[in-house]
Each structure stands twice: as structure tokens, then as C-alpha cells.
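Asker: The numbering of the sequence shown is the working numbering, which starts it at 1 and goes up by one.
No wet-lab data here; the hints were simulated from the structure.
We put the beta carbon where it would ideally sit given N, CA and C, even for glycine.
Treat the hints loosely; a few may be bogus.
[Claimed, not checked] DSSO-like mimics (lysine-lysine), calculated; alpha carbons at most 27 Å apart, straight line:
(1) K250 / K274
(2) K139 / K188
(3) K139 / K120
(4) K115 / K139
(5) K21 / K10
(6) K120 / K156
[As the list claims (entries may be wrong)] Restraint ranges, calculated between C-beta atoms of paired labels, are given here:
(7) K115 / K273: 36 to 44 Å
(8) E167 / K278: 32 to 40 Å
(9) S276 / E83: 33 to 41 Å
(10) N161 / D85: 32 to 40 Å
(11) L16 / Q165: 23 to 31 Å
(12) G22 / Q165: 37 to 45 Å
(13) L16 / V78: 27 to 35 Å
(14) N111 / S276: 35 to 43 Å
(15) P265 / K2: 22 to 30 Å
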Amino acid sequence: MKTVTTDDLKKLYIPLRNSHKGQNGRLLIIGGSHLFHAASLWALTVASRIVDLVHYSSVLENNEVVQKAKEEFRNGIVVRREELDAYIEEDDCILIGPGMIRDNETETLTNFLLKKYPHKQWVIDAGSLQMMDVSLIPKNAILTPHHGEFQLLRSKSQIPNPNDQTEEDKVKIFAKQFHCVVLMKGEKDIASNGEEVRIVAGGNAGMTKGGTGDVLAGLIAALACKNDPFLATITGSFINKRAGDALYEKVGPYFNATDLANEIPRIMYEVVKKLSGKDELYARSDR
1 MKTVTTDDLK KLYIPLRNSH KGQNGRLLII GGSHLFHAAS LWALTVASRI
51 VDLVHYSSVL ENNEVVQKAK EEFRNGIVVR REELDAYIEE DDCILIGPGM
101 IRDNETETLT NFLLKKYPHK QWVIDAGSLQ MMDVSLIPKN AILTPHHGEF
151 QLLRSKSQIP NPNDQTEEDK VKIFAKQFHC VVLMKGEKDI ASNGEEVRIV
201 AGGNAGMTKG GTGDVLAGLI AALACKNDPF LATITGSFIN KRAGDALYEK
251 VGPYFNATDL ANEIPRIMYE VVKKLSGKDE LYARSDR
């Protein structure tokens, strides 16, 4: 199996110096709950560094998260649930699930939106991933399960489970059957679009902290606004692990999801500069 390197990211979208607001991505994040307040904010934090516009929708009673969201990205928009349709239609990608709990409300909202908007680019994570009807997985959707969530998805799908199948085989077969992209998170991440399989190495004990998966989901969703879904997935996983390893070199495992979200822009800039072959992406005279 091929391990991802920067050479695999050559087609990554890089914002043009003369681009205008909105041209570098518009993302809608649907997440949060009365129980998990911070999860979707970690996704917001990293996404707002990458795309031009981030819209955010949470449950009504999650007022603290909504208020924090307004403070975190002043150029973003907090969207009420009754306004979701307009933003789903206009945004490039929708991330659903970070911080959403496993209950009937999550199940109803997730399945309703996936059924109503199968033509949109979706990233499905956490609570939505666990509660969705697998028959409603939209084409090219990106699924970000950990090992246990992936086993749940497979059990719902009724895909045969021969003893001789590797984890890579299982991910590829599921992605092919549902015409989607799967990133199974773990010590090594396994990504497949049903045709190719890529391994993303790296990571460390610090990345077991709560919220690091939400950071990854936000990163992948932001990248999916302007990139092919499989490219967005392997790029997000690669940069996320590189950022975690860079933090480990500085402080060992003693970092959290906020630290990870704040390290990602630096790592991403390093990767983009390497891809462009320039020491500085934009010359000062061009700014």
C-alpha cells in the first residue's frame, strides 16, 4: 500500500493572490450539542484559517457555543436551523456531526439533509456518522470514522466480512460500494475512494486527546471546498499528523486540540511552499 507523501498533494488548490472573498471556499459546519460544547468549535477554528467563509449551525439551546462562534470568527455567520437550506445550497461543502450526540434528533436531521441534498459535497463525522442511514450516503461524501465507527458502518451495510480481509481491503470495499471516500482514523490512517488506497503514517500519543478528530474533520471539510474529495482527505490527514508530530517535538504529548488547530496553518504553509517550489508563496510586491 502506498504511503502518502507531499508528492501526492501536487494538485492541491492554492489560493490565487488576486482572488476575491468567497472564491477560496465556503464551508457550512453543522454540529455541537448541549453535551459537547467545544467539538464543533475546534473544527471551526482550523477551517476558518483555510476557507474564505465559514457558516455555523448548532442546536438552539447551545447558546454558549453560538456566542463563542461569533467571537472566534467575526467574519463568519451563525446560522439558525430554519435557515440551513439557503446556506447548504450556496456553500461548497457541508461538515455535519462534530459534537452531535447519538440521539433521535441527530438521526432525523442527518438523514433528512443527506436525502434532500445528495448533490452536495458532504463530510460526515462523529454523531452523524454513527446515526446515519448508510443507504443515504451521497456520492463522493467523505466519511471520517475511527475503527469502532467503521465497524458500525460495516455492520449496517451488511458487507461480507471474510477473515482474510485486511483493514485496507475493508475500507476500499466499503468506499467502492457506497461511491464515497473513507478515512479510517488510527495509528495509521487508511484512506480509500474505492479505487485507490493510501496510508497516512505519523501521529503520536498527544493526538489521543479529545477534539483532535474534530480538528481533522474541519481541516478535511475546508480542503474539500476546493479540492477533489480524495485529495482533500489524504491532504487533511497528512497535514494533521505532521502538525501533531511537530508539536510532539516541542512539548512531547502535552498538547491539546486547540494547539493542534493552531499548528496546522504553519504546517500547511510549509507543504504549500514545497509544492510551489518557492521559499515564500506570495512575494511582498504582489500583496
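Asker: Quick check on a hinted range of 35 to 43 Å for N111 and S276, using CB atoms only.
Answerer: 42 Å, holds
Asker: Is the gap between the beta carbons of N161 and D85 within 32 to 40 Å?
Answerer: 39 Å, holds
Asker: Regarding the pair K250 and K274, is the alpha-carbon distance no greater than 27 Å?
Answerer: Holds. K250 to K274 sits at ~22 Å (cutoff 27 Å).
Asker: Would you check the hint for K139 and K188, treating anything up to 27 Å between C-alpha atoms as holding?
Answerer: 25 Å, holds
Asker: Just tell me: holds or violated, for the beta carbon distance of G22 and Q165 against 37 to 45 Å?
Answerer: 44 Å, holds
Asker: Would you check the hint for K120 and K156, treating anything up to 27 Å between C-alpha atoms as holding?
Answerer: Roughly 23 Å between the alpha carbons, so the hint for K120 and K156 holds.
Asker: Confirm or reject the claim that S276 and E83 have a C-beta distance inside 33 to 41 Å.
Answerer: 38 Å, holds
Asker: Does K21 pair with K10 here, judged by a C-alpha cut-off of 27 Å?
Answerer: It holds: about 24 Å lies between the C-alpha atoms, which stays within 27 Å.
Asker: With 23 to 31 Å as the target window, see if L16 and Q165 comply at their CB atoms.
Answerer: Taking Cβ atoms as reference, L16 and Q165 lie about 44 Å apart, which means the hint is violated.
Asker: Taken at face value, is the distance from the CA of K139 to the CA of K115 at most 27 Å?
Answerer: Roughly 11 Å between the alpha carbons, so the hint for K115 and K139 holds.
Asker: Do the Cβ positions of E167 and K278 conform to the proposed distance bound of 32 to 40 Å?
Answerer: 38 Å, holds
Asker: Is the hinted range of 22 to 30 Å satisfied by the C-beta distance from P265 to K2?
Answerer: At 27 Å between Cβs, range holds.
When the structure is compared with the earlier hints, a violation turns up for hint 11 alone.
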